[in-house]
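Peer 1: These are the residues of each chain, in order.
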Amino acid sequence: AQSVTQLDSQVPVFEEAPVELRCNYSSSVSVYLFWYVQYPNQGLQLLLKYLSGSTLVKGINGFEAEFNKSQTSFHLRKPSVHISDTAEYFCAAMTGTASKLTFGTGTRLQVTL
Amino acid sequence: NAGVTQTPKFRILKIGQSMTLQCTQDMNHNYMYWYRQDPGMGLKLIYYSVGAGITDKGEVPNGYNVSRSTTEDFPLRLELAAPSQTSVYFCASIRTSGGMNEQFFGPGTRLTVL
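As you go down the protein sequences, you meet chains A and B in turn. Each residue of the first sequence is one higher than the one before, counting from 92 in this note's numbering. Each residue of the second sequence is one higher than the one before, counting from 3 in this note's numbering.
Hints listed in this document are in silico derivations from the structure and should not be mistaken for laboratory results. Quick caveat: nothing in here was measured; it's all calculated off a predicted structure. For glycine and all other residues, C-beta sits at the position ideal for the given N, C-alpha and C. There may be inaccurate statements among the hints.
[What the hints assert, rightly or not] Taking CB as the label site, the calculated pair distances span:
| id | chain 1 | residue 1 | chain 2 | residue 2 | range |
| --- | --- | --- | --- | --- | --- |
| 1 | B | SER86 | A | GLY153 | 23 to 31 Å |
| 2 | A | THR146 | B | GLN19 | 36 to 44 Å |
| 3 | B | ASN30 | A | TYR130 | 22 to 30 Å |
| 4 | B | ALA84 | A | THR96 | 24 to 32 Å |
[What the hints assert, rightly or not] Now the stretches of chain A that chain B is said to cover, found in silico as 3 or more residues with beta-carbon under 8 Å:
| id | stretch |
| --- | --- |
| 5 | 104-114 |
| 6 | 131-144 |
[To be verified] Residues from chain A shown here face chain B by an in silico Cβ test under 8 Å; the list is partial:
| id | residue |
| --- | --- |
| 7 | TYR123 |
| 8 | MET185 |
| 9 | SER190 |
| 10 | LYS191 |
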């Protein structure tokens, strides 16, 4: 069965500092990978996705992620964070069966001055 | 397009009551999903549907029922509400043709069972 692991439940960071949110997946078959962001009391918004091709994926709000098949990782990065990036971030994997998503437990990014 | 809409936004139920959470999408998506989100647990799949008249269980289906009579609507039914069903519920949809591989999410329904 597919599983997604986000090792860091919370990541505190100062504004304008770089950040990396880690995500590892387990799958022996082809998988699509996603990062979603959830602002307080809101739904999920897609940040970026990896389907195939280039392993470096760029998304909205200056975020990017790198797909690493050998390490089964899909870490999210931003070179300089802003206060408005404070939110919950979810990594998710989609396998072929009915395009179902398996989510990680989420990482709370807290940006402070 | 309104995208994926959910009603109600908030609801408080007493133990043993029943209710239906509504979900509608206007994007002509064929697949639809219901998830629940509990603190620190991420989202868990409750039920999904690959088309009108076709539904199947997800990871946590106990205590819930669904139906899909039209492409647009995918209601989630709680028959006998229990405190363990206190959660935030999200509906999502996806169109599987044309290379679309992104699930679109509704704004959620926050349910409390007392």
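Peer 1: Next, verify each hint and record whether it holds.
Peer 2: Status of the hints after comparison with the structure:
no.: 1; hint: B:SER86 - A:GLY153: 23 to 31 Å; verdict: violated (39 Å)
no.: 2; hint: A:THR146 - B:GLN19: 36 to 44 Å; verdict: violated (50 Å)
no.: 3; hint: B:ASN30 - A:TYR130: 22 to 30 Å; verdict: holds (28 Å)
no.: 4; hint: B:ALA84 - A:THR96: 24 to 32 Å; verdict: holds (29 Å)
no.: 5; hint: 104-114; verdict: violated (count 0)
no.: 6; hint: 131-144; verdict: holds (count 7)
no.: 7; hint: TYR123; verdict: holds (6 Å)
no.: 8; hint: MET185; verdict: holds (7 Å)
no.: 9; hint: SER190; verdict: holds (5 Å)
no.: 10; hint: LYS191; verdict: holds (6 Å)
Against the hints set out earlier in the document, violations occur for numbers 1, 2 and 5.
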